[in-house]
Amino acid sequence: MSNDNPQSGAGRPLPKKEADLFKNVIKFYESKQYKKGLKNADTILKRFPNHGETLCMKGLILNSMASSEYGNRGLDCKEEEKEKVEEAKELVKKGLMFDMRSHVCWHVYGLLYRSHRNYPEAIKAYKQAIRIDPNNLQILRDMSVLQIQMRDLSGFRETRLKILTLRPNNKVHWLSYALAVHVCGDPEGALGVLDNYMNTLGESSEEFKRGFESSELALYKNKVLSETTSSQDGGNYFDELLGVKKALKHLDEIADVIVDQTGWLQAKLSYQLQLGMFDDAIETCHLLFWRGSTEDHRVHSAYMCALLHLDRKTWLEVEKLRGTTTLATFRPLLDEEREVLLKAYGITPSTTNGSSSQHCSADGAMTKECLALAFPKSAAIKRIYLTLLPPSSAEFRLAIDKYCQRQIVKGVPSLGSDLSSLYLMEGKNQESEGRLILARDPVDVKFHPVYCMLVELVESYISSLTTQSTFPNDSIQRPPSVLLWAWYLRSILHEQSAEYAKGITLINKCIDHTPTGVDFYELKARLLEAGGDIQRAADVIDSGRDLDHQDRYINNQTTKTLLRAGREDEARKRISMFTRHEGNPEQNLYDMQCAWYELELADSLARKGKLGMSLRKYTAVIKHYEDFHEDQFDFHAYCVRKVTLRSYCDLLKFEDEIWGQPFYCRAAERIIQIYLGLFDAPTKSQSNEEPDYSKMTPAERKKAKNIARKKKKALEKKSEDSASGVIKDTSKSVEDNGSKKKKPHAVDIDPEGKELLALNPLEEAQKFASILIKHAPKRITSWALHYDVSVRRGKMLMGLQALHRMIAIDSNHHDLFARIVDFSQKLDSRTTTCHAASEGVILSEFPKLLDGKVLSDFIKSTLDSVQADPLSSLPMRIVLAKALISSNIATQSECVSLILDSKLSGRFVTMTTCRDALEFMESMGKDAIFGKRELMTLIISKFPFAKDF
Amino acid sequence: PSGGSKENSLPVDFGLINGDNVEQLKKINQACFPVTYNANFYDEIAKKPDENLCKFAYWNGFAVGAICTRLEPIPDNPGRNRLYIMTLGVLAAYRNHGIGSKLVSSTLDYIIESETEGKASTVDEVMLHVQSSNTDAINFYVEKFGFEKGELVENYYKRIDPPHCYVLRKKLR
Chain D
1 MSNDNPQSGA
11 GRPLPKKEAD
21 LFKNVIKFYE
31 SKQYKKGLKN
41 ADTILKRFPN
51 HGETLCMKGL
61 ILNSMASSEY
71 GNRGLDCKEE
81 EKEKVEEAKE
91 LVKKGLMFDM
101 RSHVCWHVYG
111 LLYRSHRNYP
121 EAIKAYKQAI
131 RIDPNNLQIL
141 RDMSVLQIQM
151 RDLSGFRETR
161 LKILTLRPNN
171 KVHWLSYALA
181 VHVCGDPEGA
191 LGVLDNYMNT
201 LGESSEEFKR
211 GFESSELALY
221 KNKVLSETTS
231 SQDGGNYFDE
241 LLGVKKALKH
251 LDEIADVIVD
261 QTGWLQAKLS
271 YQLQLGMFDD
281 AIETCHLLFW
291 RGSTEDHRVH
301 SAYMCALLHL
311 DRKTWLEVEK
321 LRGTTTLATF
331 RPLLDEEREV
341 LLKAYGITPS
351 TTNGSSSQHC
361 SADGAMTKEC
371 LALAFPKSAA
381 IKRIYLTLLP
391 PSSAEFRLAI
401 DKYCQRQIVK
411 GVPSLGSDLS
421 SLYLMEGKNQ
431 ESEGRLILAR
441 DPVDVKFHPV
451 YCMLVELVES
461 YISSLTTQST
471 FPNDSIQRPP
481 SVLLWAWYLR
491 SILHEQSAEY
501 AKGITLINKC
511 IDHTPTGVDF
521 YELKARLLEA
531 GGDIQRAADV
541 IDSGRDLDHQ
551 DRYINNQTTK
561 TLLRAGREDE
571 ARKRISMFTR
581 HEGNPEQNLY
591 DMQCAWYELE
601 LADSLARKGK
611 LGMSLRKYTA
621 VIKHYEDFHE
631 DQFDFHAYCV
641 RKVTLRSYCD
651 LLKFEDEIWG
661 QPFYCRAAER
671 IIQIYLGLFD
681 APTKSQSNEE
691 PDYSKMTPAE
701 RKKAKNIARK
711 KKKALEKKSE
721 DSASGVIKDT
731 SKSVEDNGSK
741 KKKPHAVDID
751 PEGKELLALN
761 PLEEAQKFAS
771 ILIKHAPKRI
781 TSWALHYDVS
791 VRRGKMLMGL
801 QALHRMIAID
811 SNHHDLFARI
821 VDFSQKLDSR
831 TTTCHAASEG
841 VILSEFPKLL
851 DGKVLSDFIK
861 STLDSVQADP
871 LSSLPMRIVL
881 AKALISSNIA
891 TQSECVSLIL
901 DSKLSGRFVT
911 MTTCRDALEF
921 MESMGKDAIF
931 GKRELMTLII
941 SKFPFAKDF
Chain H
950 PSGGSKENSL
960 PVDFGLINGD
970 NVEQLKKINQ
980 ACFPVTYNAN
990 FYDEIAKKPD
1000 ENLCKFAYWN
1010 GFAVGAICTR
1020 LEPIPDNPGR
1030 NRLYIMTLGV
1040 LAAYRNHGIG
1050 SKLVSSTLDY
1060 IIESETEGKA
1070 STVDEVMLHV
1080 QSSNTDAINF
1090 YVEKFGFEKG
1100 ELVENYYKRI
1110 DPPHCYVLRK
1120 KLR
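Residue numbers (our numbering), protein chains in the order written: chain D, 1 to 949; chain H, 950 to 1122.
For reference, chain D alone in the conformation it holds in the complex:
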């Protein structure tokens, strides 16, 4: 706050002595000496109790005092603090009423809103303050930060322009304004601003010398330049690539000031590819490789695009790939493309293969042609080579053999999952058409050629290592650990194809061989979990964890498994070994934004029917994402000051998309599901006391009942207290609660969980569904849930739209089928119709979703296609059977056989889907008893460790 003169503007003047005191108030506020500030403010108020600015400042200070405590506690906002905050708000409002013409009051009002994250209101208050004091730089600056945070882009640009006009001699203001113009989608304008700024500089300015800031600025300007499109003469001539061409030329001009050589080369590479300058692009790739980018898969993707002369559109798509995905694992390669890439990546000049040795001669100039020879130490090049070979070829077998042997000798536990990324197959649904996707379902893995080859190879390793401690056709004696890792890999291969019992046999061998290896217990637990016995899985992994108390990874895995087994107390004990040792570990995990823990815990609580507590944990994850978004605040000013404008642009983009991150989606989806459940069956909210025991395993049930009993007792005790007429001091009871919190095992009746349960379920569900469809529109679940919410709100047209979006992602998805059937049935049974216009759209559009058939024919034709494919997924069979029943098309026994016919050999057969199938069988009553028994036999044969049916 730069309120040097509190009497400026229309603020009411104070006498000299009080004016000085007021200055002190501001000083103390800024240096966070709140108590002193408060004392000074009170002194002024003694003489001038109605002085608006002082009242506001006092309120602001009180607010900061309360919220600094509030901030530290995070989840547990106490009543006491809420009261303080309310008092602060009242004071500020009162102050403002006394002095509406003071910019100080309005500024404080804005700051107050800001501290409560109510940014739109804060911006309004700032705007008032600026109306009174148009040239107040501090307020303008504060407001501009809020505007970019809120993505009020045009407002931001306006404010930055005002600031620049006020202080044109400051570099930061120039850059901020250029950036503002840029984010408003006007690269040409931004370029103009940057040029104007450069023109203000003298020739000897630092900006023209080599250095970090000048380098970053030049590269930023180059980026902006590449985004420009319009032609200079303003005619009809439009060249999309004009900016890219200019930017490429510009790169050469700025070469002297650049320190980020890699960034410079990467920009160049991208431009060259966009412009189809493939030979130059290849050259640039080599420069990047020699600079050390051999492990950067993006450069490899670019290299492949250049070698294959791929068009701009493909490159722009490929440029977005992340992780270890390259062009070769992104889409299927044509044979001739493969050949070109293999020549470039070929590993060694094999004596039998004339063509590759030709390209890999020892001649220095020629090594350029063969990456593997030029960079023998690069792991990425060797790994990428594997993805280029056709899986059916002898070369592939040879290469993968060599790769596996090396990793097994090294003892790389992740080899199994590393290799599983080679199980590529062509995408089957709308979203993945023309792409490569990973085979994940055991059914698909089992028959994948790469998988089959691996099984064969590893089997041969094991037999050879067992008999003579060598790899097949090899004479080197291997240490005992090699057989161990071969077994381990074989066990993982069993896991991947759902052969759990066989996997266990092998992993037990590993444990007997080296009982000190933590990895083996982890895999055993995974096999047990997938094979149906989560409780034993938790015990096994916990015994593995006990081997090394400093291994955080195994500790986390143990915690996760315990949570999945519904053993929250044990889980908390385990993870607490790695949290701070004072205070409540749960709070500490919240502070560390440990989302995976909260998600697993919330899942577990939801399974037990403790919906309030579960919602509370999911909401904690949502809060983390709000905090991530909030964290941007730190960067708005910082990045511009440090001139890291390119990364800042990336940050803004990342933050815009943050609500589409998988963890956020998971939390939001579950919240929606819980609320929809509450909406459908409102009595469930009482299940806080009486969880749904029927779905639990006996162990879980026992535990849940125990907890319920404890809770009941605690409740009774409480009501006794209040009944006996003891009126407790509220602040004291809050303290009691606080001290209880510190004991990790206190069963606390959670107030916030109840608050969440008391909200309007449909409104909450709608809130999250609309976030998901906006930020995660490619997830089919987003639209499925949006549908669920919409039809419950009676918004049939929105529901229909959601169905259309689902079709565009995966037209064969069981979630879609179930909803089309549901929609049709709802349409027939509803009592009210929509608005005439919507009604027209629905009546003309919906029949298309049924392929123009009536519902029963649509279901029948789906039945035909499901029955024609023995691999049809189990969830699809279940929803289909339900549809058959609900529309009276088939008998119960026909539905039973629809599920049993597959012998559970189709896709998506997991313990969860099997339980769903069982539940469905049970719902059909007596007639399905035989089917249920048969299903259980099938389940046991698939999931040998399954219990508790």
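Chain H residues, not near chain D, derived (Cβ > 10 Å throughout):
1) Tyr-1033
2) Val-1072
3) Asn-1083
4) Glu-1092
5) Phe-1094
6) Gly-1099
7) Lys-1119
Here are the computed lysine-lysine pairs in the DSSO-like style, where the Cα-Cα straight-line distance is at most 30 Å:
8) D/Lys-926 <-> D/Lys-947
9) D/Lys-17 <-> D/Lys-93
10) D/Lys-573 <-> H/Lys-997
11) D/Lys-502 <-> H/Lys-975
12) D/Lys-509 <-> H/Lys-975
Here are the simulated distance ranges between beta carbons:
13) D/Glu-919 <-> H/Asp-1085: 58 to 66 Å
14) H/Ser-1082 <-> D/Ser-460: 37 to 45 Å
15) H/Ser-1055 <-> D/Lys-377: 28 to 36 Å
16) H/Ala-988 <-> D/Glu-582: 28 to 36 Å
No lab work stands behind these hints: they were computed from the structure.
From the three backbone atoms N, C-alpha and C, an ideal C-beta is built for every residue, glycine too.
With the hints as your guide, set chain H onto chain D.
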């Protein structure tokens, strides 16, 4: 174990046994010995970790063997101590790779080195008990490290057969 020949000897690393990883020692001992050591045995080691006296041998990232010794006063000889080898075990799959020898010699080296470093050593001998039937172990100590086979102690063990053991000794001075 007759000890590993030179060519298949594994280059092991040594590591401290402490409260965080003592369970691994338990696993190794359970796999190697017919005798079950009580919780007290492990607690003592975990309580006073000393890498010179108790250590793991690591190969390929896993603990595959361990030696546990202690310094104890020699009765009737005040001020003089001996090194007593409580356990020495290598997982079956890793035997014959010289790991046991490395564990013993690194412990002996420590005793001898601390002497050459100028500190007057108080350690006069190394001693252990071996089950009377365990000729492999007896040969291991006698042939490789020059231990002397001493007296037979009858009924030293309670739960294993034979219950007798030999005392093996190596005089350091």
